[in-house]
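Trainee: Residue-level listing of the chains:
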Amino acid sequence: DTEVTQTPKHLVMGMTNKKSLKCEQHMGHRAMYWYKQKAKKPPELMFVYSYEKLSINESVPSRFSPECPNSSLLNLHLHALQPEDSALYLCASSQVVVGYGTGELFFGEGSRLTVL
Amino acid sequence: KNEVEQSPQNLTAQEGEFITINCSYSVGISALHWLQQHPGGGIVSLFMLSSGKKKHGRLIATINIQEKHSSLHITASHPRDSAVYICAVKTSGSRLTFGEGTQLTVNP
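As they're listed, the protein sequences go chains A and B. Numbered according to the numbering used here, the first sequence spans residues 1 to 116. Numbered according to the numbering used here, the second sequence spans residues 117 to 224.
Treat each hint with caution, since some may be false.
[Stated by the list, open to error] Just so you have them, the derived chain A footprint on chain B, three or more residues with Cβ under 8 Å:
| no. | region |
| --- | --- |
| 1 | 167–181 |
| 2 | 212–221 |
[What the hints assert, rightly or not] 25 Å max Cα-Cα, derived DSS-like pairs, lysine-lysine:
| no. | chain 1 | residue 1 | chain 2 | residue 2 |
| --- | --- | --- | --- | --- |
| 3 | A | K38 | B | K169 |
| 4 | A | K19 | A | K9 |
| 5 | B | K169 | B | K206 |
| 6 | B | K206 | A | K40 |
By construction, these hints were calculated from the structure, which means they are not laboratory data. Cβ atoms here follow ideal geometry from the backbone N, Cα and C, with glycine treated the same way.
The following block holds chain A by itself, in its conformation from the complex (with noise of 0.2 Å):
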């Protein structure tokens, strides 16, 4: 099994509202990734998560807040999202190499979020 799962595909929510992106792996790798991207750029690393520990924030704002609740499963909480937030957010993983290496990196579908 070489996937990363993504659910939900499309989220449509409302700027009170509370909701969770949710992903999944069952390749045995240790780092997991939420990565945003709008229409036409690159992907801009959110978060990283380290043997299920957060290792970085990008400065992400508080309205999003992820969870690792273990080595298979990354979540992102979203609340009091704005209008601007609407992106495709993508999960990826990847082994975890002694020091700064990491292998290969697996992306899921991606949740297309759109925030009203």
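Given the structure of chain A, go ahead and fit chain B onto it with the hints provided.
Mentor: Using the frame of chain A, we list chain B on its own:
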């Protein structure tokens, strides 16, 4: 100036043509990734390179560390190859720096 520059930004080819997409970077890297993104979003990792050359089917990726340059070649291009191709370099830690992408359209 971006740390990762791709060229061309847009490329239109006829089916069967040989295609080259270039990536230049200005920082020290430990690895370079070539990624493919189809409309609708999902990204597929095509190659991860730290030296030399890799081949997978009709795709070939090369990297010249001294010249800080990588190329992605597609032989016998097909309309299903139409996608955005993204070069990303790994500098330190878990961060990737992405190029702006090359939109490839292959016409039948």
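Trainee: Take a quick look at whether K169(B) and K206(B) sit within 25 Å of each other, Cα to Cα.
Mentor: OK: K169(B) and K206(B) at ~17 Å, within 25 Å.
Trainee: Given the hint that K19(A) pairs with K9(A), test it: the Cα-Cα distance must not exceed 25 Å.
Mentor: Distance ~13 Å between K19(A) and K9(A) Cα, so the pair holds.
Trainee: Just to be careful, I want the Cα atoms of K38(A) and K169(B) compared with a cutoff of 25 Å; is the pair within it?
Mentor: Given that 25 Å is the threshold and the Cα spacing comes to 32 Å, the pair is violated.
Trainee: Are there three or more residues in the region 167–181 of chain B whose C-beta lies closer than 8 Å to some C-beta of chain A?
Mentor: violated (count 0)
Trainee: According to a criterion of three or more residues whose C-beta lies within less than 8 Å of a C-beta of chain A, is the region 212–221 of chain B covered?
Mentor: holds (count 5)
Trainee: Check the hint pairing K206(B) with K40(A) against an upper bound of 25 Å on the C-alpha distance.
Mentor: Judged against 25 Å, a Cα distance of about 21 Å means the pair holds.
The structure does not agree with the numbered hints 1 and 3 stated previously, though it agrees with the rest.
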